[in-house]
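Protein sequence lines, in the order shown, are assigned to chains A and B.
Here the first sequence is numbered in numbering that gives the first Met the number 0, starting from 0 and rising by one per residue.
Here the second sequence is numbered in numbering that gives the first Met the number 0, starting from 0 and rising by one per residue.
Errors might be hidden in some of the hints.
All copies of an identical chain are treated as equivalent in the list; a pair is satisfied when it fits inside any one copy or across any two copies.
[Unchecked claim] Mimicking SDA-like on lysine to any residue, the simulated pairs with C-alpha atoms at most 25 Å apart in a straight line are:
| id | residue 1 | residue 2 |
| --- | --- | --- |
| 1 | Lys388 | Glu166 |
| 2 | Lys359 | Leu58 |
| 3 | Lys367 | Gln188 |
| 4 | Lys93 | Val152 |
| 5 | Lys199 | Pro6 |
Derived from the structure by calculation, the hints contain no laboratory data.
Protein chains: 2
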Amino acid sequence: MQFSSPPYVTGLKCLICGATYAHGNVFTCPRCGIEGILDVQYDYSKIDNSQFTIHNSPLNIWRYNNLLPVSPDLHPPHLHVGWTPVYDAKRLAKHLGVRKLFIKDDGRNPSNSFKDRASSVGVMKALEFGYKTIACASTGNAASSLACMSAAVGLQSYIFVPARAPEPKVTQLLIFGATVIKVQGTYEQAFDLCREACEKFGWYNRNSGTNPFLVEGKKTAGLEIAEQMKDDVPDWVVVSVGDGCTIGGIGKGLQEMKRLGVITGVPKLLGVQAEGAKPMYEAFYSGKELVPSDTNTIADSIAVGTPRNWRRAIHQIRQSNGEMITVSDEEILEAMRATARLGGVFGEPAGIASAAGLKKALAQNMIKPHESALVVVTGNGLKDIQSAKQAAGEALSIAPNLDALANALSEKLGM
Amino acid sequence: MQFSSPPYVTGLKCLICGATYAHGNVFTCPRCGIEGILDVQYDYSKIDNSQFTIHNSPLNIWRYNNLLPVSPDLHPPHLHVGWTPVYDAKRLAKHLGVRKLFIKDDGRNPSNSFKDRASSVGVMKALEFGYKTIACASTGNAASSLACMSAAVGLQSYIFVPARAPEPKVTQLLIFGATVIKVQGTYEQAFDLCREACEKFGWYNRNSGTNPFLVEGKKTAGLEIAEQMKDDVPDWVVVSVGDGCTIGGIGKGLQEMKRLGVITGVPKLLGVQAEGAKPMYEAFYSGKELVPSDTNTIADSIAVGTPRNWRRAIHQIRQSNGEMITVSDEEILEAMRATARLGGVFGEPAGIASAAGLKKALAQNMIKPHESALVVVTGNGLKDIQSAKQAAGEALSIAPNLDALANALSEKLGM
Chain A
0 MQFSSPPYVT GLKCLICGAT YAHGNVFTCP RCGIEGILDV QYDYSKIDNS QFTIHNSPLN
60 IWRYNNLLPV SPDLHPPHLH VGWTPVYDAK RLAKHLGVRK LFIKDDGRNP SNSFKDRASS
120 VGVMKALEFG YKTIACASTG NAASSLACMS AAVGLQSYIF VPARAPEPKV TQLLIFGATV
180 IKVQGTYEQA FDLCREACEK FGWYNRNSGT NPFLVEGKKT AGLEIAEQMK DDVPDWVVVS
240 VGDGCTIGGI GKGLQEMKRL GVITGVPKLL GVQAEGAKPM YEAFYSGKEL VPSDTNTIAD
300 SIAVGTPRNW RRAIHQIRQS NGEMITVSDE EILEAMRATA RLGGVFGEPA GIASAAGLKK
360 ALAQNMIKPH ESALVVVTGN GLKDIQSAKQ AAGEALSIAP NLDALANALS EKLGM
Chain B
0 MQFSSPPYVT GLKCLICGAT YAHGNVFTCP RCGIEGILDV QYDYSKIDNS QFTIHNSPLN
60 IWRYNNLLPV SPDLHPPHLH VGWTPVYDAK RLAKHLGVRK LFIKDDGRNP SNSFKDRASS
120 VGVMKALEFG YKTIACASTG NAASSLACMS AAVGLQSYIF VPARAPEPKV TQLLIFGATV
180 IKVQGTYEQA FDLCREACEK FGWYNRNSGT NPFLVEGKKT AGLEIAEQMK DDVPDWVVVS
240 VGDGCTIGGI GKGLQEMKRL GVITGVPKLL GVQAEGAKPM YEAFYSGKEL VPSDTNTIAD
300 SIAVGTPRNW RRAIHQIRQS NGEMITVSDE EILEAMRATA RLGGVFGEPA GIASAAGLKK
360 ALAQNMIKPH ESALVVVTGN GLKDIQSAKQ AAGEALSIAP NLDALANALS EKLGM
């Protein structure tokens with residue numbers, strides 16, 4: 000069966016050499032090789048922005064279907080993706096010393112991470128191009144997300160995970176019926192093996208780094224931030240950075256909403272990397288080509304030594320007049336506590352690195368106390384309970400009687 | 000500071016003796032003791048149901064504020080509670096042999112369980128009555144939910160958990176800043192100790208079984224089901240049953256929406272208990288008083304030997320012309336796989352017992368193939384990863400090369 004093409008997509012353009020290609024089952028630029036990420040192009044003059052402000056558009060990412068590379072002939076997965084809540088976190092703002100602090104909780108997507116935005120577009124592209132099987136390599140969230148979305152639409156999924164992927168994430172994708180291949184090696188090795196396997200076995204490759212359509216799904220977070228915040232656009236949008244696709248996508252979404260007249264200016268992007276995995280931070284401030292690095296951080300979802308989409312990420316951060324910053328694991332754990340205890344949101348380390356980055360940027364006067372910021376929390380804390388335990392503290396254990404309780408409270412808490 | 004009372008609440012009525020009491024800081028009926036659960040009464044004639052159909056009512060539980068016992072002077076927690084998605088799960092319906100199957104995924108609440116509906120009302124009552132501290136005993140979800148909502152509004156929380164509470168749930172509530180007291184005993188002992196501690200230390204008691212306001216929060220799931228499904232009201236609503244508050248609340252919500260003219264008939268309730276914890280099932284079919292039982296099931300959230308709200312639950316099930324059923328742990332694990340793989344929803348064992356019950360009810364012809372059913376999934380599977388591992392299967396572990404992959408696929412999967 001042949002499906003019609005996405006109606007407003009005009010083609011794909013290489014982010015390095017600028018060559019353009021027709022819409023189709025393409026990956027990176029043949030001229031520039033694996034580094035030549037393609038960017039989906041639209042005819043914005045034909046897109047009516049009134050769909051973003053009317054009540055009968057669905058409150059999920061498909062309200063933006065005209066800005067997505069999906070065929071109108073295909074039904075999206077039935078799961079509710081996107082339009083995640085934005086919270087005005089007053090107590091956390093006061094604690095951090097910033098005028099206004101908003102939290103966008105993307106841990107509330109179907110598989111509990113931001114990646115569902117990309118995977119839902121990915122499975123639609125696989126169906127459009129006639130595949131029955133889809134694969135990806137992931138440190139965890141893209142994997143569980145792809146397993147979830149594949150289950151929703153009835154695709155088979157093969158997932159390549161590095162040896163260090165946290166158990167809850169692996170369990171999550173096994174329960175969704177994925178075939179899980181634990182690669183005795185790094186994320187980079189899992190990534191390469193997945194690409195080879197897709198070629199050999201004829202599977203569709205969902206990897207956000209090289210698949211040009213996935214980042215369009217991630218873009219929806221930027222589209223949403225613009226629409227949800229258009230009456231009070233934050234000065235900064237703070238995003239943790241691993242592969243570069245998330246911040247690159249959010250930046251693209253914000254720029255599109257400016258182009259379509261939904262917002263008049265684009266917030267500055269603050270990209271946050273872990274101190275133990277900061278090749279993009281180095282490239283951003285050196286102005287040179289990215290140099291791959293080792294990785295050593297509890298924030299597994301952004302522990303990426305060879306980010307595939309670094310050009311897009313750095314381009315978007317610069318275009319927004321933004322900055323980058325790095326945070327230590329200890330700062331991430333502290334931010335996990337603060338965001339949960341003062342904001343009511345429990346995020347995983349990589350998802351909360353953004354909040355740690357905001358705190359540090361305030362301390363360095365990179366972000367000013369009179370400014371406002373929106374922090375994107377990209378994954379639920381339940382996804383990595385071992386790290387959360389490091390941040391959380393200990394329970395009191397007592398015999399079941401009031402005396403034991405009174406003793407424990409007075410001894411341990413000084414009550 | 001004095002807050003005005005909930006405007007449409009007329010009083011509280013004992014579910015045993017029928018005595019009525021004025022709205023205030025009350026718990027169970029003084030005449031009937033701890034068994035005398037009080038039910039919040041409203042003047043329905045004054046409630047305008049148009050708020051449930053207009054777009055500018057918020058898409059969360061506070062669209063029903065007139066049907067909730069909350070003071071209009073207080074702001075609800077800033078977290079987005081309720082209005083969880085309902086999915087038309089076609090592939091799972093076909094697999095189970097039922098005409099239509101809807102899944103309402105309440106694992107997508109802020110702390111990833113249904114209990115956020117109750118806790119958000121609970122913290123508002125604590126603030127209304129002037130408390131600075133709130134406590135509860137819980138097998139897990141009510142606890143993490145209360146910790147989350149307390150963090151959101153700035154209340155201190157003390158949580159009593161039984162020794163067997165799963166680690167992810169305990170970690171979740173520690174990260175939200177709760178003081179956690181692990182009681183070396185059963186849920187029942189934790190429950191009693193919490194009640195004594197609240198009296199001794201002057202804390203507000205959030206326990207759903209005896210606190211009359213909490214079940215009103217749970218009711219919102221029934222209100223939502225009525226509003227979300229009013230054009231295609233399912234024949235059955237299937238709910239797992241532990242303490243009885245959840246199904247009792249959902250039943251009350253559905254009855255109220257019938258009374259207010261939003262739906263014309265109330266779906267039959269199917270209450271599902273674990274085989275290893277079925278005192279309510281026994282009481283339902285014997286027609287006698289409930290006899291407390293031992294508990295032995297992986298479905299920890301419904302492993303309740305002494306359900307506090309059994310009268311309300313049984314009353315609501317009977318009023319709906321409903322039924323009860325029990326399921327084994329093996330049936331729950333099988334339903335976890337099927338619901339994830341065919342429905343795209345990963346629930347915890349207690350949250351998925353409902354889906355297992357639907358399958359069994361179809362096999363017993365209690366529910367007919369031509370009928371439709373809505374299954375409430377009450378908690379996210381990430382909350383109990385140890386049980387999920389039992390259901391999930393194993394990953395393949397290979398060296399990072401294509402030959403190792405081809406070998407593993409051909410050996411283990413016959414490809």
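task = Could you check the structure against the hints above and give me the numbers of any it violates, in ascending order?
result = Violated: hints 2, 3, 5.
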